[in-house]
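Chemist: With the sequences and hints as input, model every part of the structure.
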Amino acid sequence: MAGTHLIGLLLGVEEDWPGAFESLLRRLDPAITVDGETHRFATERVTIEPFNLRAVPRYSLVIDRLAWWYDMPREWLKNVTLMNPVHLLNNPFTFEA
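Sequential numbering of the sequence shown, starting at 66, is according to our numbering.
Incorrect hints may appear among the rest.
Between beta-carbon pairs, the in silico distance windows are [as the list claims (entries may be wrong)]: (1) Phe116 <-> Leu93: 32 to 38 Å; (2) Glu102 <-> Tyr135: 36 to 42 Å; (3) Leu147 <-> Leu76: 17 to 23 Å; (4) Val78 <-> Pro150: 28 to 34 Å; (5) Asn155 <-> Gly101: 28 to 34 Å.
It is worth saying that the hints were derived from the structure and are not from the lab.
Think of the CB as a built atom: it goes at the ideal place given N, C-alpha and C, for glycine as much as any other residue.
Modeler: In structure tokens:
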């Protein structure tokens, strides 16, 4: 699936890291060519309210910077990675020891 892959940023109230990440991604504009198909990347800040477990995500990857602190997005993160082809950084399953 060539084209632009959307990276979802699930954030709390922080602004420094996500702003820097978004700026770097825009500035670098990485493009990876595999088997003649070019893959590019874009970011979007994730909003999951109203909370809907049936919603189909548009993201190829979600970077979770919130669920370690706030319980509600954990179920959404689990669902989105188990039921859809979405990769996740900061695994929500580690919170259930």
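Chemist: Checked against the structure, which of the hints given earlier come out wrong?
Modeler: Violated hints: none at all, because every hint is consistent with the structure.
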